[in-house]
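Please arrange chains B, C and D on chain A, whose structure you already have, making use of the hints.
4 protein chains.
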Amino acid sequence: MVRVGVIGGTGYTALEVMRLLQRHPHAEVTVVTSRSETGPVSSSHPSLTGQITVNFTNPDPDEIAEKTDVCFCCLPHKASMDCIPSLLASDVRVVDLSADYRLSDPSVYEKWYGHVHTDPTRLGTTVYGLPELYRDQIRGQNLVANPGCYTSTSILALAPFLKADLIDPQAIIIDAKSGVSGAGRSPKVATLYAECNESFSAYSVGNHRHAPEIEQVLSNASGKSVEVLFTPHLVPMDRGIFATIYATPARDTTESELKEALRAFYSNEKFVRVVDHLPRTKDVAYTNFCDVTVRLVRGRVMILAVLDNMIKGAAGVAVQNFNLISDFDEETALL
Amino acid sequence: MVRVGVIGGTGYTALEVMRLLQRHPHAEVTVVTSRSETGPVSSSHPSLTGQITVNFTNPDPDEIAEKTDVCFCCLPHKASMDCIPSLLASDVRVVDLSADYRLSDPSVYEKWYGHVHTDPTRLGTTVYGLPELYRDQIRGQNLVANPGCYTSTSILALAPFLKADLIDPQAIIIDAKSGVSGAGRSPKVATLYAECNESFSAYSVGNHRHAPEIEQVLSNASGKSVEVLFTPHLVPMDRGIFATIYATPARDTTESELKEALRAFYSNEKFVRVVDHLPRTKDVAYTNFCDVTVRLVRGRVMILAVLDNMIKGAAGVAVQNFNLISDFDEETALL
Amino acid sequence: MVRVGVIGGTGYTALEVMRLLQRHPHAEVTVVTSRSETGPVSSSHPSLTGQITVNFTNPDPDEIAEKTDVCFCCLPHKASMDCIPSLLASDVRVVDLSADYRLSDPSVYEKWYGHVHTDPTRLGTTVYGLPELYRDQIRGQNLVANPGCYTSTSILALAPFLKADLIDPQAIIIDAKSGVSGAGRSPKVATLYAECNESFSAYSVGNHRHAPEIEQVLSNASGKSVEVLFTPHLVPMDRGIFATIYATPARDTTESELKEALRAFYSNEKFVRVVDHLPRTKDVAYTNFCDVTVRLVRGRVMILAVLDNMIKGAAGVAVQNFNLISDFDEETALL
Amino acid sequence: MVRVGVIGGTGYTALEVMRLLQRHPHAEVTVVTSRSETGPVSSSHPSLTGQITVNFTNPDPDEIAEKTDVCFCCLPHKASMDCIPSLLASDVRVVDLSADYRLSDPSVYEKWYGHVHTDPTRLGTTVYGLPELYRDQIRGQNLVANPGCYTSTSILALAPFLKADLIDPQAIIIDAKSGVSGAGRSPKVATLYAECNESFSAYSVGNHRHAPEIEQVLSNASGKSVEVLFTPHLVPMDRGIFATIYATPARDTTESELKEALRAFYSNEKFVRVVDHLPRTKDVAYTNFCDVTVRLVRGRVMILAVLDNMIKGAAGVAVQNFNLISDFDEETALL
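Chains as they are written, first to last, in full-length UniProt numbering: chain A, 1 to 335; chain B, 1 to 335; chain C, 1 to 335; chain D, 1 to 335.
Reference excerpt, derived from the structure (chain A facing chain B, CB under 8 Å, subset only): (1) Tyr12; (2) Val180; (3) Arg185; (4) Lys188; (5) Thr191; (6) Leu192; (7) Ala194; (8) Cys196; (9) Asn197; (10) Glu198.
Because the hints were derived from the structure by calculation, they are not lab data.
Where is the CB? At the ideal position from N, CA and C, for every residue including glycine.
Isolated chain A (complex conformation):
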């Protein structure tokens, strides 16, 4: 039985990690930390009543090192890199759900996150935890940078076409839509029910932090310089990301060829489902699936992809990564 710590246990991704791990036959949550909460984890997450019976504890590195083998780090960025080096030094393996180890260039990190990276030597060497692209590199790692939710959706949708030279890497528009849980559990006016409900809006137009992450990973994966115009929107629903992607064909192609390329790329993947119908976020809610399809419309390649931002976009892929670094069947607790 692998002993699991959840660092930063009061938010939504932590909740989802714990919910998924309930079903895991080889993992046991032994530590859940919080700086603000004490008492049973279920006091903050009543849905876990009777399922996670440990109490919140203050994050104490020695206690974590003693009581856990692997930690899911669910802290905000910055807090994450303040905590992870000591965990690694104590031989605790880490799946980091924050953005702190995703970018490979410290100056890019500083530009987008507004502070200096304090653990820069690990940037560029930490594996990006998207198993469909980096499965072999993830196995055996002590630290995995779990991808962002918009990022996973976009990369899973685009990688097959970029790798196959089917689309122009410089003229990509990603019009993305997310449920509100992606905004986290810190109370803000903008994410109050009465603000988001019955409303659809765009935000961070032209300056969302997932844009450089998408470009970096797709550029690395395809060996080309990828540029995306990325627009996130907020949808009045709990869960789900929908990406409508517009690209320019790199050469003459047909919808059949595009679909075939997509099917071929994911033929051995359990969690990416290439579909013919237009996908809906509802069809992947509460699952680790990403559904994706492609169309050729008026000379443009349109890729439509959906996933559950809390599962395949966060906690689910984190458990996938946990399974990979723990040498468990990758699908454990995820079907």
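The following block gives chains B, C and D in isolation, referenced to the frame of chain A:
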């Protein structure tokens, strides 16, 4: 043209007051105060862009007195009674949307609101602003205590039967359900979208502050000692209150007699619609109507009533009161 | 491996049964019937893409008998009793999710469902599939009448107090609220998104079919003549039932005693969680849990209970029953 | 007082037309037709209880001609053109909310709507009812083709830039999102609450009927051959359209210049609000406003526009057109 001030202008009730007053031919919003915001009112309420063009100002009693004839006080309780006496002293008339002047007994106020009332001589003498019960008393007043949203729904549903001695005043159960806007615009975890959406819950079971208000007003109106068991619930929707009320007949009666009593009571009221069908909150959303019906089921009197908590439950009845104290047609800006 | 048939496979309960059975290590869905659909099950339920790979077939008794060991009957009432006798005659065991075998008296059935029961000898002898009350009787059965969603919620909330003589069996008010999925997948104006969203309403006031079912089961279970006033409401959310129940104490009691009785009753039950906090439907969404608590308010016993109408209120308890009649661990595929 | 008929009175656009006309001092609804309903209009639209007191009648041309001066035709396409010629022949003026008179070329109509146009001589001569572009032509007309909801949003967003030669007319992507009321009130599985709620999806990718309408009007208005890639999506909310539009600058430009062009174009328009902030559908819900802004991002012109599909996208602009052809102040009943 009556010059109107909105005191405490950043919340939802203030927004609704301003939205309604846009349509008022005899009112002009001249002052909107806020302690936290500066700049145009539309920066906090983008829906008012081009409609309310004044800027937020710090609440300065002299400026308010100079620039306004009537104020809608949209402050939280306590802040309201700190502000209103000086307004009244400057001959500004006030419709108070807080709870500060609703209860008639300072000790009851202190018990339920947790602090001493600092303007106790006005308790018991301030008129309760429910026009369907107290229209004549409201006219000509300088201060009106605007009712609570649950309270209005419950009183409008019950008063006809209590006044007609058709139900037992001691055995009343009010199972009430409200949209989330009623919880206000201050950010709290409990009212985040991702907490409220896809969830139905009860709160303040046995100890909600609207219970003593309901009992006081219904007792006064009916001349009987009324006791209610009041249970509020939160519904994943923006607007609307639904009250399902269970009472015991005070004597042998029929559903027809009950319906007739209800129709008779509201025969001259524009804003209370006695209906035969089961009401829905959607049918009164964005209106000043309260829809109500009655059933006799298994020996119990069941009353079902709906209104929009932001309009008939707050800003709409406030404008009704404004019209009454200003000697305008009561329906102005409300249809 | 038990071979499972899903009879009437296009609706929501069928979808949930199939979704849950994906996780069942000893069950395989071999037949899914539909009179209207052909082609892959995933064409009607895209969320099952890659998970359920059989095609819809017309309901042919011989084929079902040959290819299945147990059937989940997800047909509407009436259609269900037209189909089940032949399945049983072919030694196929059946969990019936319709109402056809729940009531024990054919005349009560006829009164509430409007047609004669064509298999009346099985009424009164078919076990009511609520494991928390009838676990031992369910084991080994060939036919189980799966409970209604409102019914399960109400019975689980009330049985402990009725059996312990703590509440008056004659003065019970059940104010129940349900998500819209409970209304099924047949298109009707009343369940369109634009009708239900941003609306709260009551329906079937005084005449809902779950009322006689609640009374029958609670009377049988407690040995008293139970009468309930049952009011269902529609909540703008997909899933979840919330029951607010008002009862009169049968004798002097305290809230502690009431809570203790509740805890004692469910001390060995995995899927009923007695909680101290006020429950929320969100906390049990997508789970097989029923959360319940009790309060003593102004001399009334208030019981608040929640469950997911699609899981613990339908497909989840059906899988529980499937596990019991198949001699599997009752929790299999449900945690 | 202008006597108004509502032809096809059971759907959502008819409801909104009647709701708005309540506030109109010079209009009275005298006839509301339906082929399926009889009895009071409020039986189908309970929100109109006490406001619209006429009964549904079967659509009889003579009766309509006798009792009305202007009709709002809220029928589906095809039914509309079967009805309108006789109304016009009887000197009843018509605002047609269907698509039947919007396209100017009968062969384009036939291609997109799948049947021959039976009143082709009026195509190409009927004015397109978008007052911001065609105000002068609308005045005095007997027939106005009220625009589609997606179409209005797209045209209002794009016309200023096309007319000013600021964007390439051939490379326009319109990623549009709509609330569910736009799908109408006919019951279908796809628009059930339990299908749409908690889901985001695309539909009619590459083949939505509003695309040729957008292209025709923008080409006519700008004198250029405009081509758009139009993608509609369904948002889990009642009301609102959000358009995220991506265009290529036609020449070197700046965000300031783009904003200035937008402001200049709408400087005298009451119902189009050029804003600096990112618009939200909530800010225009239940209003006749269209909020629009522009950004220059990574070399692309991004235009973001919102309106209420039921008001500015249907019934509100219809009342604007009604006011124009009736020689009333254009804003009457719309603020």
